[in-house]
Amino acid sequence: MVTAYCVKCRAKRDIKDPEETKLKNGRPAVKGTCPKCGTKVFRIGKMPEE
Numbered sequence: 006m007v008t009a010y011c012v013k014c015r016a017k018r019d020i021k022d023p024e025e026t027k028l029k030n031g032r033p034a035v036k037g038t039c040p041k042c043g044t045k046v047f048r049i050g051k052m053p054e055e
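Every number in our numbering is 5 more than the matching position in the sequence shown, counting from 1.
Keep in mind the hints are simulated off the structure, nothing from the lab.
Predicted model only: the values in this text are computed from it and were never measured.
Errors might be hidden in some of the hints.
Unchecked claim - When the alpha-carbon atoms are kept at most 25 Å apart in a straight line, the in silico DSS-like pairs for lysine-lysine are as follows:
hint: 1; residue 1: Lys51; residue 2: Lys13
hint: 2; residue 1: Lys13; residue 2: Lys45
hint: 3; residue 1: Lys51; residue 2: Lys36
hint: 4; residue 1: Lys29; residue 2: Lys51
hint: 5; residue 1: Lys41; residue 2: Lys17
hint: 6; residue 1: Lys17; residue 2: Lys45
hint: 7; residue 1: Lys41; residue 2: Lys21
hint: 8; residue 1: Lys29; residue 2: Lys45
hint: 9; residue 1: Lys29; residue 2: Lys41
hint: 10; residue 1: Lys45; residue 2: Lys27
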């Protein structure tokens, strides 16, 4: 599972519905929502292969 820091919860959470994306400079990133509060969360880096 991919984790990211939720600013609203102030804790690391698993990303709900993770989606791979790329930044303007080509770096990979993962975006999704916090399962607890529903806030959008974002993490720079590739999604780990499972």
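Now for the hints, and whether the structure bears them out:
1. Only pairs whose Cα atoms come within 25 Å are accepted, and Lys51 paired with Lys13 is accepted, the gap being roughly 23 Å.
2. For the suggested pair Lys13 and Lys45, the alpha carbons sit about 10 Å apart, so the restraint of at most 25 Å is met.
3. A C-alpha spacing of about 11 Å is found between Lys51 and Lys36, which places the hinted pair at or below 25 Å, so the restraint holds.
4. As the CA atoms of Lys29 and Lys51 are separated by approximately 15 Å, the hinted pair is consistent with the 25 Å bound.
5. Straight-line distance between C-alpha atoms of Lys41 and Lys17 comes to about 11 Å, which keeps the hinted pair within the 25 Å bound.
6. About 13 Å separates the Cα atoms of Lys17 and Lys45, which keeps this hinted pair within 25 Å; it holds.
7. Restraint check: the Cα-Cα separation between Lys41 and Lys21 comes to about 9 Å, which is no more than 25 Å; the hinted pair holds.
8. Distance check on the hinted pair: Lys29 and Lys45 sit about 19 Å apart at the alpha-carbon level, within 25 Å; holds.
9. A threshold of 25 Å between alpha carbons decides the hint, and for Lys29 with Lys41 the separation of about 29 Å lies outside it, so the pair is violated.
10. Between the alpha carbons of Lys45 and Lys27 the distance comes to roughly 16 Å, so the proposed pair stays at or under 25 Å and holds.
Checked against the numbered hints given earlier, this structure breaks only hint 9.
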